[in-house]
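Enquirer: First to last, the protein sequences are chains U and F.
Position one of the first sequence corresponds to residue 1 (the numbering used here), numbered consecutively onward.
Position one of the second sequence corresponds to residue 1 (the numbering used here), numbered consecutively onward.
Treat the hints as calculated values from the structure; they're not laboratory data.
Glycine included, C-beta positions come from ideal geometry on N, C-alpha and C.
A few of these clues could be false.
Only pairs whose alpha carbons sit at most 20 angstroms apart, straight line, appear in this in silico DMTMM-like list of lysine to aspartate or glutamate [as the list claims (entries may be wrong)]:
#1 F:Lys67 / F:Asp85
#2 F:Lys67 / F:Glu50
#3 F:Lys2 / F:Glu60
#4 F:Lys43 / U:Glu105
#5 F:Lys67 / U:Glu69
#6 F:Lys22 / U:Glu105
#7 F:Lys2 / F:Asp76
#8 F:Lys2 / F:Glu48
#9 U:Lys22 / U:Glu208
Example chain U residues on the side facing chain F (calculated, C-beta under 10 angstroms, incomplete) [what the hints assert, rightly or not]:
#10 Arg57
#11 Arg63
#12 Phe64
#13 Pro98
#14 Gly99
#15 Ala100
#16 Leu101
#17 Asn104
#18 Leu107
#19 Arg147
#20 Ala148
#21 Gly181
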Amino acid sequence: MRVAVVTFPGSNCDYDLYQAVKQVGGNPEFRWHRDRGLDGIDAVMLSGGFSYGDYLRAGAIARFSPIMEDVVPFAETGGPVVGVCNGFQVLCEAGLLPGALIRNEGLRFQSEDCRMRVERTDTPFTNRYEQGQVIRVPLAHAEGNYRADDETLARLEGENLVLFRYVDADGEATPASNPNGSTANIAGILNERGNVMGMMPHPERAMESLLGSTDGVPLFESLVASLGGRAGADVVGAGR
Amino acid sequence: MKRYRLEIRVTPRPGILDPQGKAIHHALHSLGWTGVDDVRVGKAIHLEIEAESEEAARAEATTMCEKLLANPVTEDFEIDRVEADATDSGDSKSDDQGPDDQGSDDQGSEDAEQG
Numbered sequence: 001m002r003v004a005v006v007t008f009p010g011s012n013c014d015y016d017l018y019q020a021v022k023q024v025g026g027n028p029e030f031r032w033h034r035d036r037g038l039d040g041i042d043a044v045m046l047s048g049g050f051s052y053g054d055y056l057r058a059g060a061i062a063r064f065s066p067i068m069e070d071v072v073p074f075a076e077t078g079g080p081v082v083g084v085c086n087g088f089q090v091l092c093e094a095g096l097l098p099g100a101l102i103r104n105e106g107l108r109f110q111s112e113d114c115r116m117r118v119e120r121t122d123t124p125f126t127n128r129y130e131q132g133q134v135i136r137v138p139l140a141h142a143e144g145n146y147r148a149d150d151e152t153l154a155r156l157e158g159e160n161l162v163l164f165r166y167v168d169a170d171g172e173a174t175p176a177s178n179p180n181g182s183t184a185n186i187a188g189i190l191n192e193r194g195n196v197m198g199m200m201p202h203p204e205r206a207m208e209s210l211l212g213s214t215d216g217v218p219l220f221e222s223l224v225a226s227l228g229g230r231a232g233a234d235v236v237g238a239g240r
Numbered sequence: 001m002k003r004y005r006l007e008i009r010v011t012p013r014p015g016i017l018d019p020q021g022k023a024i025h026h027a028l029h030s031l032g033w034t035g036v037d038d039v040r041v042g043k044a045i046h047l048e049i050e051a052e053s054e055e056a057a058r059a060e061a062t063t064m065c066e067k068l069l070a071n072p073v074t075e076d077f078e079i080d081r082v083e084a085d086a087t088d089s090g091d092s093k094s095d096d097q098g099p100d101d102q103g104s105d106d107q108g109s110e111d112a113e114q115g
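Please model the entire structure based on the sequences and the hints provided.
Expert: Spelled out as structure tokens, the structure:
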């Protein structure tokens, strides 16, 4: 299973994504922002970081990178696309996901573990989780405050397109468990077709128990499994 | 073609939370300006454009705002000023542009933060 990991100038989680895909038995390959061509690629991942220094708005300039001219049709024809952190911001700017991510409510750069509830498991990104499972994953961002107009929010909730929500240890979406002020504690969303997903927290940083959590592993296993790969075959201790 | 200077103002849309405005509002109150009811923070983008006319310059800037300079989900934009560059002597002879026509169009970064 071939996964293209896109690197923009200023991306800094691309190697983490690459490693995570490899760890679950996928075949990652890098794409520089100026590269073209996604022939034979099964899934695309946009990594975290500060593409183009986050100038103007996070993701606003990356959206016009040459590789995005291939990513957009790839997504529009049903190819799975994942955006993590800055990648989520890029997907929103590109119009592949609704809404926008603005400055955190407290104005601070938040860098901490968060808890998220998995709201759906019938997706290519979450089929290896349990419905309602609470997972612990690191987050690190200054602009993760999810906003959309009322109509869009009603549609997201009505069509069950909120994939992850910030929650407390009991799985409740409370104001205290919301790290950035996101509307309805939204941490990650899906598009209507169900093939494009964006999330602020970093599952690729939760792949090793030595580093604090392995709760990100099922996300990558889900993706590989949904594409017919052999997910989970060699997770433990793999990818050194 | 003539050179025009434009000032564009990008502001958070009404109803969109403006965390920076809120923090500044709070700071102003702490400093004693308790009469301040609301603060909104946006950004100013200054452009120099070569265009056939003022209308053309304005139209082009509008497209730039719609496509890149503002995010319609969270921001409104206004083109505050369009004026012909007084130092630009001629029409049409500006193919061979002066040294000052480059390098200033990334001023949008002035209040972009680490993100």
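Enquirer: Output the numbers, in ascending order, of every earlier hint that fails for this structure.
Expert: 1, 7
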